[in-house]
Amino acid sequence: MGRAMAISGSATASTASLQPVISVRHLRMGYGGRVLLSDASFDVIRGEIVVILGGSGSGKSSLMKNIIGLYQPMAGDILIDGVSLVRANADERAVLQRKLGVMYQSGALFGSLNVLENVRFPLDRFTRLSLEEKNLSARMLLHTLEMAPAEALMPAELSGGMLKRAGIARAMALGSEILLLDEPSAGLDPITAANLDRTILSLRSNLGITFVIVTHELQSILAIGDRAVMLDPVSRAIIANDSPTVLRDHSTDARVHQFFNRQPDALRSDRGH
Amino acid sequence: MKPALTVTPSATDGVRIVIEGPITARTAAPIWQAAIATLAGNPGRSVVIDASRLGHVDNVGLAMLFDLVRRERSPEAKVELVALAPSLASLLRLYNPRDFVASVPTRKHVGVLEEIGEATARRLRYLRDLFEFLGSCAHAVRRAHRHGFVGLDDVLDIATETGANAVPIVLLMGFLMGVIIAFEVGLVARQFGAVIFVVNGVGIAMLRELGPLMTAIVLAGRTGAAFAAQIGTQKVNEELSALATFGLDPVEFLVLPRLMAGILVLPLLAALADVVGLFGGALVMTSFDVGFLQFYTHLLGAVTAADLALGIGKAAVFGLTIAAVGCHHGLETGPGATSVGLSTTSAVVTSIVLVVVIDGLFAVFTS
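Residue numbers (our numbering), protein chains in the order written: chain A, 1 to 273; chain B, 1 to 367.
Hint data in this document are derived by calculation from the structure and do not stem from the laboratory. A hint or two may mislead.
[Unchecked claim] Quick list of the computed label-pair ranges, beta carbon to beta carbon: (1) A:MET74 - B:ALA121: 52 to 62 angstroms; (2) B:ALA83 - A:SER130: 20 to 30 angstroms; (3) B:ASP99 - A:SER130: 13 to 23 angstroms; (4) B:VAL357 - A:ASN195: 46 to 56 angstroms.
Glycine included, every Cβ here is placed at the ideal spot set by N, Cα and C.
Turn these sequences into a full structure, and let the hints guide you.
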């Protein structure tokens, strides 16, 4: 067997790989004059699966769009592989963005292309592979995500879960080492969601892909998350940044405890009124 | 380390391919092609692919490795992948060559003639569907008459929205139509000393044709499109299904008020276009030495109430057509946001074509 290879990255990697691939520094963000996060900082280490969670409206998806460079933060900085995305000009930003594979909430497949053509699209644009080679690469990705039977279908013919899986396949097509997934398992049946979790774990351990996943699917968070970054809409801050199981079992913060134990808000009468 | 591929003879009269460096989406192309060329150039010899110096491999690199080992070759010319990292080997084992044998389905390209034929057939089918739809609207009218479901308030709201918003643009279009006809025809008529007959031309053209027709075209673009988009969006959002589960018929609830609003609004707007068109014509005629009063008295002799009634009647039919086509396209919207756009576009195109066709029929049967 040959020497150890760089593809075996994982959360418990050597110090060399502890270099953060995404670094969020004192980020202040929001939209329409409304501030969703006022001073957020966290790192994503290579090979890690980081879940961003929080209740509806806490700014999870907006945070992701800031990391991708679609939204400009109000203040603070975001570094991809140590390079500032905020200060980059349009060309530099495009180079940084190509390091990231992104799956949007609804898949965001191109409606005029079928599933295979959607996954092949980035390969068509950015590689010099032959058509046969691109087709094989795209089909293997679809096979990995259990989408092979749907390769000739148009996006309008797919269910929500299929759109998401095809979206992940397209996000991976260029071999991005960092994948950002916006609610990948929301709306999926439990079996498909569990299969997707397994695929994510396998991609991380076998190809060393780093994942940033926006979700509030508790089971999925506990199954795959190395670290959970929890946003709070009231304090507009990150209120937790630790392993999901640690947060579930040992967090002293009432909001974190409530989230991980799926408890409803206290009723008005319970508050002594 | 840059990706590289070296080919050396192996000890067993075979070929040894050493692949080194990172193999990723951006770097794989030359290595992949060289490796395949090596396999093709040595059809009868065994091939050993040495992966011990392989760097980072992404999904495209993985596809390349899979492509090299999946090829069917004779037993003595096997391809063997050695010194592969266990993580990659376990990934490769997930893929079965048989799953990738079927050729990629190619998209069918439709020829020009075929497309024309298809489009014609679609149009004819559409006409049949539209008549069926109008039939179901007639049923809905009878049902609504019994239930009293069609609220006059709804009709007036829709009529106000579609009518009032269109007033400025109809005024402008009508005025310009009158001006342009009077000017163009006036220049020719002056050469023959028949300037006064321009009044006949402007009067008949505005009242019988251009007033209703131009208004209908403006409304097809505005209202027909809006109806298709509104109902189409409601269908995509499953609002129509929600209505159905309340036992409400979408045709009765959404379509009838719009049809009635269309029938009501277009004649009013056409009358407005007639008036400003005639005014525009009269304004231009003053430069041909025909005063307002002379224009008015000559106009009374040139056109009849029947001309006006024909124009207004046509406008009502156009209004019905535009609203019906808009609503029908809205109801026929497929799944997905893209379909709403398609419905809107085809609603505009279809209603303009139908308006012109109906105008032609009117011209034939009323001349």
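Hint check:
no.	hint	verdict
1	A:MET74 - B:ALA121: 52 to 62 angstroms	holds (57 angstroms)
2	B:ALA83 - A:SER130: 20 to 30 angstroms	holds (27 angstroms)
3	B:ASP99 - A:SER130: 13 to 23 angstroms	holds (20 angstroms)
4	B:VAL357 - A:ASN195: 46 to 56 angstroms	holds (55 angstroms)
Checked against the numbered hints above, the structure violates none of them.
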